[in-house]
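A.B. asks: Chain residues, written in single-letter form:
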Amino acid sequence: GIQVEQSPPDLILQEGANSTLRCNFSDSVNNLQWFHQNPWGQLINLFYIPSGTKQNGRLSATTVATERYSLLYISSSQTTDSGVYFCAVEVWNFNKFYFGSGTKLNVKP
Amino acid sequence: EPEVTQTPSHQVTQMGQEVILRCVPISNHLYFYWYRQILGQKVEFLVSFYNNEISEKSEIFDDQFSVERPDGSNFTLKIRSTKLEDSAMYFCASSERLYGYTFGSGTRLTVV
Chain H
15 GIQVEQSPPD LILQEGANST LRCNFSDSVN NLQWFHQNPW GQLINLFYIP
65 SGTKQNGRLS ATTVATERYS LLYISSSQTT DSGVYFCAVE VWNFNKFYFG
115 SGTKLNVKP
Chain P
4 EPEVTQTPSH QVTQMGQEVI LRCVPISNHL YFYWYRQILG QKVEFLVSFY
54 NNEISEKSEI FDDQFSVERP DGSNFTLKIR STKLEDSAMY FCASSERLYG
104 YTFGSGTRLT VV
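Chains as they are written, first to last, in my numbering: chain H, 15 to 123; chain P, 4 to 115.
Read the hints as simulated data drawn from the structure, not as lab findings.
Everything hinted at is true.
Away from chain P, derived, C-beta distances all over 12 Å, residues of chain H:
| no. | residue |
| --- | --- |
| 1 | L27 |
| 2 | D41 |
| 3 | S42 |
| 4 | T76 |
| 5 | Y83 |
| 6 | S91 |
| 7 | V121 |
Which residues of chain H face chain P? A few of them, derived with a C-beta cut under 7 Å, are:
| no. | residue |
| --- | --- |
| 8 | N45 |
| 9 | Q47 |
| 10 | G55 |
| 11 | Q56 |
| 12 | N109 |
| 13 | K110 |
C-beta atoms are modelled at their ideal positions from N, C-alpha and C, and glycine is treated no differently.
Start from the sequences and build out the full structure, keeping to the hints where you can.
C.D. replies: As structure tokens, this is what we get:
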């Protein structure tokens, strides 16, 4: 199956700092999503972004499909941004998501 | 915004018992999924379901597991004879294939 690698695995930030999370994948994909898993375990959809750039408030994401990577930017981080961020990809006709191992973010006040 | 609803949010069961996890997908979605996440690990695919039948399943999804769409709104995952290692967060998701997946809030299953 497709390999999905996320970096860094762990990230500690001071509140107000900016960060970039990376997702590399080993094959062409037709779907890529970023999720935030909050401390209660819920998976919150952040972006559906198989290609291009999107922004939602302090968060933005860019996927360069031809180079097989995606980036999630968090600006002016807040303690509520803490949690695990997952990238997940779907390969055409495979009808399932492959998740990365996640980036665990801890934003300190 | 439409949501995928999962019940219960937390279930504790005795080893060897059967459990049924319930999901209400988004109403106009046609593709349904179950995923599982063992504590501290990545989210793993279990099964996909389309047109009233399983379209794909992982090697985890053995005879212990089954899925059903008993009516027009519910989608269930049944786990027979639960084992300690079945303890995990189980996520239901639905999709209409154009705009990505929507995941439910999960059911935390604890087998004791």
